[in-house]
Amino acid sequence: MSDQQHNPIVHQTQPFLAEPAMLKAFGRVAVFMGGDSAERDVSLKSGQAVLSALLSAGVNAFGVDVQGCLLKTVEQPEFDRVFIALHGRGGEDGTLQAILSQAGIPFTGSDVMASALAMDKLRSKYVFAGCGLATPKFRTMTSAEDAISIAAELRMPLSVKPSREGSSIGIFKVISADQLVQAWQAAAALDTSVLVEEWIEGPEFTVSLLQDRALPAIGLSTDHVFYDYDAKYLADDTRYCIPCGLSADEELRLQQLALEAFRVVGCRTWGRVDIMQDADGKFWLLEVNTVPGMTDHSLVPMSARAAGISFEELVVRILADTLEQNGGEPSHA
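Residue numbers (our numbering): 382 to 714.
Incorrect hints may appear among the rest.
Here are the computed lysine to aspartate or glutamate pairs in the EDC-like style, where the Cα-Cα straight-line distance is at most 20 Å [said to hold, decoys possible]:
id, residue 1, residue 2
1, 518, 492
2, 518, 578
3, 554, 527
4, 518, 582
5, 663, 572
6, 554, 585
7, 405, 659
8, 518, 659
9, 663, 579
10, 554, 582
11, 426, 693
12, 518, 579
13, 554, 572
14, 663, 702
15, 405, 702
16, 663, 546
17, 554, 593
18, 554, 702
19, 554, 534
20, 518, 417
21, 663, 578
22, 554, 578
23, 426, 527
24, 663, 693
25, 518, 693
26, 426, 641
27, 453, 417
28, 426, 446
29, 554, 526
30, 405, 694
31, 518, 534
In case anyone wonders, no lab produced these hints; they're calculated from the structure.
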């Protein structure tokens, strides 16, 4: 992309139009949505929004509610590339990406490895820590007996979460060893891998990434204990701050941290990074999202708008990167 080519931080960008040659190169585009994960309802909303935008842009697109065996979906594909709007397990964890890669079908977003790594919060935190990026101190919890040692090692309050769920599903804030056991039991019902990390008191921010550039950061404020599922998708009182409330220098540090997290996990094209700031002003990485929500409450479209990028342009930009996966020609035309 020519605009902002040498600047990884984007404040405003020039319009990006889908030319007839690009629309032809896209071929038939399947928007995968729905799925069988706990985030199915959100995925359906994301997929419908993406599909509407692609059709409005003149793309030959159609929706596919992916349920059951993923292999059957691509056995005899009637499409040339896939826009992935599936959230959670099966669609965001590398499973679908592996199937599409093996079939030679270009798809939006990160590749197999980065998708699997980003979906696993525990292992992505090992990568953050190993690369010297600040992330809250953490432990994995495998049984109720771990509560005493974890409570002694980590500073309360703690966050307990399934390692491989999204949309803040199954996350608990605890202030005692007894609560830790209860929260672990609930989280373990959703995932065999449970992550426990120190709770960072302070404002939460999210940074959207598009084609290796950071869009304007968003500050999040909610009356809930934290930015949970209800606050993300259902509540009308969640406050989204753009500008994010940080100084220019602080926002630059925040965006650079997000870009570095995106890079070390190996992500590509687009995504979102969630970050906390403590009372001393230090930023702490929480997680990288490789298929963020694209609903009317979603953060990536909000951040894109602040950079002068419409929703229609956003989805076309994301889709355009798939042309580099097969030399720009439809795979099955």
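Which of the listed hints are broken here?
1, 5, 7, 14, 16, 17, 18, 20, 23, 24, 25, 26
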